[in-house]
Amino acid sequence: MILRTIIDLDWRGRVFLLVLAAVAVLVPLLNLAVPAGSAFNVPTYLVSLLGKYLCYALLAIALDLVWGYCGILSLGHGAFFALGGYAMGMYLMRQIGPRGVYANPVLPDFMVFLNMKELPITWWGFGHFPYAMLMVLVVPGLLAFVFGWFAFRSRVTGVYLSIITQAMTYALLLAFFRNDMGFGGNNGLTDFKDILGFNIQAQSTRVALFVASVVALALGYLIARAMVTSAYGKVLIAIRDAESRARFMGYRVERYKLVAFTVSACMAGVAGALYVPQVGIINPSEFAAANSIEAVIWVAVGGRGTLVGAALGAVLVNWAKTWLTGAFPEVWVFGLGALFVLVTLFLPKGIIRTLSEWSARRSDQRAASAAAEAGIGAVQQPAGAE
Amino acid sequence: MSSVTSPELTQSILYLDGVSVSFDGFKALNSLSMVIGHGEMRAIIGPNGAGKTTMMDVITGKTRPDDGDVLFDGSVDLTRMDEASIAELGIGRKFQKPTVFESHTVDDNILLAMKGPRSAGSSLFGWRNRVRDDQKDQVLETIGLKDHRKRLAADLSHGQKQWLEIGMLLAQDPKLLLVDEPVAGMTDHETEQTAALLASIAKTHAVVVVEHDMHFVRALGCKVTCLHEGSVLAEGAIDAVSTNDRVVEVYLGR
Chain E
1 MILRTIIDLD WRGRVFLLVL AAVAVLVPLL NLAVPAGSAF NVPTYLVSLL
51 GKYLCYALLA IALDLVWGYC GILSLGHGAF FALGGYAMGM YLMRQIGPRG
101 VYANPVLPDF MVFLNMKELP ITWWGFGHFP YAMLMVLVVP GLLAFVFGWF
151 AFRSRVTGVY LSIITQAMTY ALLLAFFRND MGFGGNNGLT DFKDILGFNI
201 QAQSTRVALF VASVVALALG YLIARAMVTS AYGKVLIAIR DAESRARFMG
251 YRVERYKLVA FTVSACMAGV AGALYVPQVG IINPSEFAAA NSIEAVIWVA
301 VGGRGTLVGA ALGAVLVNWA KTWLTGAFPE VWVFGLGALF VLVTLFLPKG
351 IIRTLSEWSA RRSDQRAASA AAEAGIGAVQ QPAGAE
Chain U
1 MSSVTSPELT QSILYLDGVS VSFDGFKALN SLSMVIGHGE MRAIIGPNGA
51 GKTTMMDVIT GKTRPDDGDV LFDGSVDLTR MDEASIAELG IGRKFQKPTV
101 FESHTVDDNI LLAMKGPRSA GSSLFGWRNR VRDDQKDQVL ETIGLKDHRK
151 RLAADLSHGQ KQWLEIGMLL AQDPKLLLVD EPVAGMTDHE TEQTAALLAS
201 IAKTHAVVVV EHDMHFVRAL GCKVTCLHEG SVLAEGAIDA VSTNDRVVEV
251 YLGR
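The listed protein sequences correspond, in order, to chains E and U. Taking the UniProt record's numbering, the leading residue of the first sequence gets 1, the next gets one more, and so forth. Taking the UniProt record's numbering, the leading residue of the second sequence gets 1, the next gets one more, and so forth.
One chain only, chain U, in its complex shape (with noise of 0.2 Å):
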């Protein structure tokens, strides 16, 4: 790590350098490079198999890269470790398909995303038994379920079942929120409200937001990263990515 005195290094919460991952001989990533600021909202958009999952998933541990480097908070090496060490360094991610509890009651939800211990012995004897409700209550007013509390996930509307998964990623409380696919499925009025959610969250946390739907990107206002083929094609204002004859090219066919 010689390059750990480079300035962008030092400033990013992520740093993605020369990543590869290849399955089967198909090259997901392509010496893909990126960088995420401390406290940053990111759109990262592309066509279908652009890479936009694989990236979350060398990111969270869950997929090894063939090669390169990802660093979180300027130091540590994220290619070597498993996905629960991952989470505690305060890495967060929301899936594409809403992946809440379905046998859990909203609060038990929370319960389980709170920021603690989190071994076996300390949930069989510790704190986490004795969380008060009024503990949870910020969380679920951030989120607007607090009404919906005793009820069980699997009873939740789709868009509720999508902002529970962001309330138990605010109860993780990371400091990088990866977010796949937020609104996909949503109605226009959940959508804004969606928007307005992660915008209040990007205060905070840093946020890198995988979507398809190019009005809800426009909407979160932030700098914009196109994927194409596994590694970067444009980069910047929404205005001029969503110009960029590249970019047009892919997403359109010629």
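Bound conformation, chain E alone (with noise of 0.2 Å):
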């Protein structure tokens, strides 16, 4: 199914594939084989940061599979993402080992401190990579089954179920707040040593990372991309437009957005997984309401319902954040209000459509120019003729 959708994709989804590509190929080799002082050499800080911008575009893409295509605006899916990076974090955490302040082998130092005696039950197996990373699907995966299976078959729609799905990313974070939960409290989880023995501060694991988030990426928007060009998306379009005409036509629209909205979780959980180790924290805030809104306005940015413009979205938008809160650390905050504003005003359709409609319109125009040339023609031939 995912090799069908390589070859039946539009030129956008190619030029994504291909960039992808080449950042996967360039990127590494100008970090590893220009030396340090080359202007060519792509610091490995950089190296970091690009793929902290890919895990958010990995993000967007599970964000505007749900909002752009079934209409589900979800203002919690900062929380799966939050979710994925804990347990890739938990992991991390049992890596360090006895290496820990209090050089507890078994305890992080955390729990240590709080005087726990054992490892609680939330933590066992996460010594294992293979179950960690099964929890990065599985944790947000359930919660989003479980969330959208109520919500959705109570029929909670448009505003209202956005504000559910931002008090349950809310509710998440105070509970993470709470050093009782076992997940670090306020501190979160941090000063992680290796993954998978790797040192995770080395320059090869760092564009291993980095490397591993572009194929998750890609493999991402194939993923989504099948699903929207499927009869499946078909009808979440459908949905999306018409939802109570889908049900009266026979389709059991919660069970259609309810495999949308986990697999999209499940996907953000992945995001969060490849953020943790990149970044080097994770804690509570990561659930913070903002986080979530901010994953929305990328999607509007680079346009919903297109799947490559979430992306690009995500990156040009944390680009820009990245340039501001380092020059002007000030007005950042107004600047993404400003944008969410400008785009909203000036590109309703974001970035992506509004190109794709006025190439459409351009070529319109050199269609009608040639025709109108043509008809000149032809009129004048039989005049030439007589």
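None of these hints come from the bench; they were simulated from the model. Only a predicted model underlies this, so the values are computations on that prediction, with no experimental measurement involved. Glycine is no exception: its CB is placed at the ideal position from the N, C-alpha and C atoms. Errors might be hidden in some of the hints.
[To be verified] In silico lysine to aspartate or glutamate, EDC-like type, Cα no more than 20 Å apart, as pairs:
id, chain 1, residue 1, chain 2, residue 2
1, E, LYS349, U, GLU102
2, U, LYS150, E, GLU357
3, U, LYS62, U, ASP82
4, U, LYS150, E, ASP180
[What the hints assert, rightly or not] Label pairs and their computed distance ranges (CB to CB):
id, chain 1, residue 1, chain 2, residue 2, range
5, E, LEU345, U, LYS203, 50 to 56 Å
6, U, THR187, E, SER369, 42 to 48 Å
7, U, ASP134, E, LEU355, 53 to 59 Å
8, E, THR325, U, ASP134, 53 to 59 Å
Two chains, two frames, a set of hints: combine them into the complex.
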């Protein structure tokens, strides 16, 4: 199915995958092979920064799948992202072993500090990489499934659904702040040492994590693309545009939504899991309501319902954020607000759609003028024959 | 269900008995009873607020009646089922406002409507992904949109949207078709075409048409039921109903 999707890809998708492939080759090359003094060298901090953007891009694609194609405006996707991140963080904490400050071979430092005697059940198995990776998918997926099961069955839609997704991420924020939860309280999880036996600070590990992010983004895109171009995706769009019509046609709207929402949450979880080792920390602030809203802005800027646009929006907005927070730290929040207002006013369809409509109009014009010229020629011909 | 053996019930595709619905004290349907036979075409008329749309809502599972029986095909109790399962049974509905899927092409609108498994799994991997264009030809020819198949539904004219929606119902191939005001906003020519289209559909399906336009109802040439304040006021041939004193009074005011 994925293979078919690659074959049937539109030009936009091909360009996207080509860019990703180029980035996956060039960035490691320019980082590892070009000497540090050279103008072409990509410094390691930049590799991780780009990796972070790619994780955001995957989150944006996950969000676009439910919002752009099914009309579910989730303001809680940051929660799925953070849960995936915590699952990865717990694995990384267990890898520290006796190298922590308290040198406890089993318990992470914060547990020793909190006088915990043994590993809580929630932490069991997280020493094993495959189990942790499974949890990266299962925890966000299960939460989305249970949440969606109740919300979609009770036919909660529109702004009400947005509000309860926001409440969900806020509730998780409060829960993860508590020390009793056993996830490190407000400090979260940090001081990671290594991943799969490789030093997490090492240049080569950073590059490997970057490449893994590129691969995850490409896979996430292809899965989402396969879904939205199948008949399933057509039903999703039908639900977005006329939900009750789809229902009267015999489609079980709640199940369609549930599938999309769950897949999307798993994708967001993977994004979070790749994000954590690259930034080196996960704490409850990742559950903050504002994070989820920012993700919505990325998708809106790039163009909802295009997948590629969502990824583009995520990278552009975050690049602007990095630049603005560095150059003018006070104005960033206003910049973000202004961006959302401006996009709503002038680019309501986002960058990608506006661009493609613009180019379609131009080619229409060109075709029209070509037709007009041909018309003139056709009129002139009999005149010449006379 | 003691009355299962009654001949009226076993010969009916749709059987409504004593159906009442009230919204905040307003009685939208007041002990409504009606029987539609297999393959029958029926026109429902009545002034605004007579309960026509609420009746459709009850039959298709959107609204649960407070009281009364709604039976499909003589035995299936519709009051306990949701919209999707009722649609699966074979009841199709066309809305008053044409609701086609605007961001899909005409082809895709028909594709989504086509009879067959409708689960998420089957539409992800199943047969609906392998439907060929020529499988939609017959429906598209019937509704006269074959030349427009690649156009977005949003770009169609009002009348074309109405036909597309009827075409979607045909593709769904229901046993009973509920059609709500199919000619509202249509030109005279389009109205005539629609009447002919519905008449040809009625040869193979039971059809219930809700309509205000008396000329159109006359063109359908079928049995007419007039609703008023949520129950049946008169029933019979169009000439008998339209000359009925009570019907005239209700429609024109005293």
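Hints broken by the structure, by number, lowest first?
4, 6 and 7
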